[in-house]
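*Asks:* In case you want the letters, here they are:
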Amino acid sequence: MCLLHRTVVAEEGFQQLRRSGDKVNHLRKLERLASEASKTVAQGLEAFLVPVSSWRGDDQLQQLREYQMGRHRAYIKGRYTDCEFCVCILKLYKKEKVDREESIQFQRKVLKAIGAPIIEQLEGKSLIDPNARSKVSEV
Amino acid sequence: MMHLTGQKRQITTSSKPSDQPQQLRMEFTTTSVSERTRPEVSTAETLAMLADTDQQIKVRSEQLITMQVAADSVRIFAAASKATGGFVVIHPNYKFLPVLQGKDDSLVFLYQFVEAIEEKLDYDELKAEYPMLSYGQIAGGIAFLRKLAQFNIENKNIDDIEDQIINEDQGFVRQVRESLTSRTVERVLTP
Chain A
1 MCLLHRTVVA
11 EEGFQQLRRS
21 GDKVNHLRKL
31 ERLASEASKT
41 VAQGLEAFLV
51 PVSSWRGDDQ
61 LQQLREYQMG
71 RHRAYIKGRY
81 TDCEFCVCIL
91 KLYKKEKVDR
101 EESIQFQRKV
111 LKAIGAPIIE
121 QLEGKSLIDP
131 NARSKVSEV
Chain B
1 MMHLTGQKRQ
11 ITTSSKPSDQ
21 PQQLRMEFTT
31 TSVSERTRPE
41 VSTAETLAML
51 ADTDQQIKVR
61 SEQLITMQVA
71 ADSVRIFAAA
81 SKATGGFVVI
91 HPNYKFLPVL
101 QGKDDSLVFL
111 YQFVEAIEEK
121 LDYDELKAEY
131 PMLSYGQIAG
141 GIAFLRKLAQ
151 FNIENKNIDD
161 IEDQIINEDQ
171 GFVRQVRESL
181 TSRTVERVLT
191 P
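Keeping their order, the protein sequence lines are chains A and B. Taking the working numbering as reference, the numbering of the first sequence is continuous, increasing by one, and the terminal residue is 139. Taking the working numbering as reference, the numbering of the second sequence is continuous, increasing by one, and the terminal residue is 191.
FYI, nobody ran anything at the bench for these hints, they're computed from the structure. Do not take every clue at face value.
Here are the simulated BS3-like cross-link-like pairs (lysine-lysine), alpha carbons at most 25 Å apart as the crow flies [as the list claims (entries may be wrong)]:
(1) B/LYS82 - B/LYS103
(2) A/LYS23 - A/LYS39
(3) A/LYS91 - B/LYS147
(4) A/LYS109 - B/LYS156
(5) A/LYS94 - A/LYS109
(6) A/LYS23 - A/LYS94
(7) B/LYS120 - A/LYS91
(8) A/LYS112 - A/LYS23
(9) B/LYS82 - A/LYS94
(10) B/LYS58 - A/LYS23
(11) A/LYS77 - A/LYS91
(12) A/LYS109 - B/LYS58
(13) B/LYS58 - B/LYS156
(14) B/LYS58 - A/LYS94
(15) B/LYS58 - A/LYS112
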């Protein structure tokens, strides 16, 4: 049964979620998952923590691994072998000014990265090609 | 002694029916061996060339299998969409990444929709429904659905792409660095 800490910075994030009317207690979810890991068992929270690919090679940042918390992200330090995890910071969906994940700019970047031809075809506000339009969405 | 001549073939895998218009093509170079002699090529060289050809065929065959698997996957996703009212769009324009199209011309990636569902879920309520499952299994089941919804024909890791976009924001990266030296609030002893 592993411990879960949180930094002051992460606590601000959790409080921001509560203030925005979020009914689900994300901290409790993390605690429940952390409790399923132990020094010898890499389960629970440990099974979901993934390294951030673009932080590899950075001595400071590569200590952190990412947990997808709905559309939010938690950056967490620690391993099951220490039996301690620490939530250092949250990145809240729809809360950041730059590259908000629901924005068309963000979607455009994702589609461009997977080589979707739609990017070359369409400009402006929509990413929906009339030819690719779902018939049911027009109903 | 043998003489090696190159021959190019094209293999076309069509992913019909009509809701999957994309055709997968690959160029396949094979080498046929003619009986003509060429004194300047030694037996060792010929064997080496044949080994190269063998390797090339092996690599191309693996590529062909990968493409066939991708085409089959597209077919499965398209069939699932069709069987569920066609609301989820599986289209080559998005490299078959499943999407929902809003009435206001907005696009919603299906994997983000699954994330939103997860965000609203109370694990304790689910645990009460399925007491035989661990919290890890509950979270894992939802994470599996999310990963499936990230399918794309290029087999690109969407999470890595998102991370790169997010980390272009140097302001956020600075905040992350600062958080590493931030003091902790309290120790939570999990029950």
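*Asks:* Does the alpha-carbon distance linking A/LYS109 and B/LYS156 stay inside the 25 Å limit?
*Replies:* Distance of about 13 Å is within 25 Å: holds.
*Asks:* For a C-alpha distance cap of 25 Å, please report whether B/LYS120 and A/LYS91 respect it.
*Replies:* It holds: about 17 Å lies between the C-alpha atoms, which stays within 25 Å.
*Asks:* Starting from A/LYS91, check that the Cα of B/LYS147 is at most 25 Å away, please.
*Replies:* holds, 20 Å
*Asks:* Does A/LYS94 sit within 25 Å of B/LYS58, going by the straight-line distance between their CA atoms?
*Replies:* Violated - the C-alpha atoms of A/LYS94 and B/LYS58 are around 48 Å apart, more than 25 Å.
*Asks:* Against the 25 Å threshold, does the CA-CA distance of A/LYS77 and A/LYS91 hold or violate the hint?
*Replies:* Holds - the C-alpha atoms of A/LYS91 and A/LYS77 are around 15 Å apart, at most 25 Å.
*Asks:* Are the Cα positions of A/LYS112 and A/LYS23 separated by 25 Å at most?
*Replies:* Roughly 35 Å between the alpha carbons, so the hint for A/LYS112 and A/LYS23 is violated.
*Asks:* With the threshold set at 25 Å, check whether the alpha-carbon distance from A/LYS94 to A/LYS109 stays at or below it.
*Replies:* Distance ~17 Å between A/LYS94 and A/LYS109 Cα, so the pair holds.
*Asks:* Sort out whether A/LYS39 lies within 25 Å of A/LYS23, counting only the CA atoms.
*Replies:* violated, 32 Å
*Asks:* Straight-line Cα separation of B/LYS82 and B/LYS103 no greater than 25 Å?
*Replies:* holds, 20 Å
*Asks:* Within a Cα-Cα threshold of 25 Å, do B/LYS58 and A/LYS23 meet the stated pairing?
*Replies:* Violated. B/LYS58 to A/LYS23 sits at ~55 Å, over the 25 Å cutoff.
*Asks:* Given the hinted pair A/LYS23 and A/LYS94, is their alpha-carbon gap at most 25 Å?
*Replies:* holds, 17 Å
*Asks:* CA of B/LYS58 to CA of B/LYS156, is that 25 Å or under?
*Replies:* Holds: B/LYS58 and B/LYS156 sit about 24 Å apart, inside 25 Å.
When held up to the earlier numbered hints, the structure conflicts with 2, 8, 9, 10, 12, 14 and 15 and fits the remainder.
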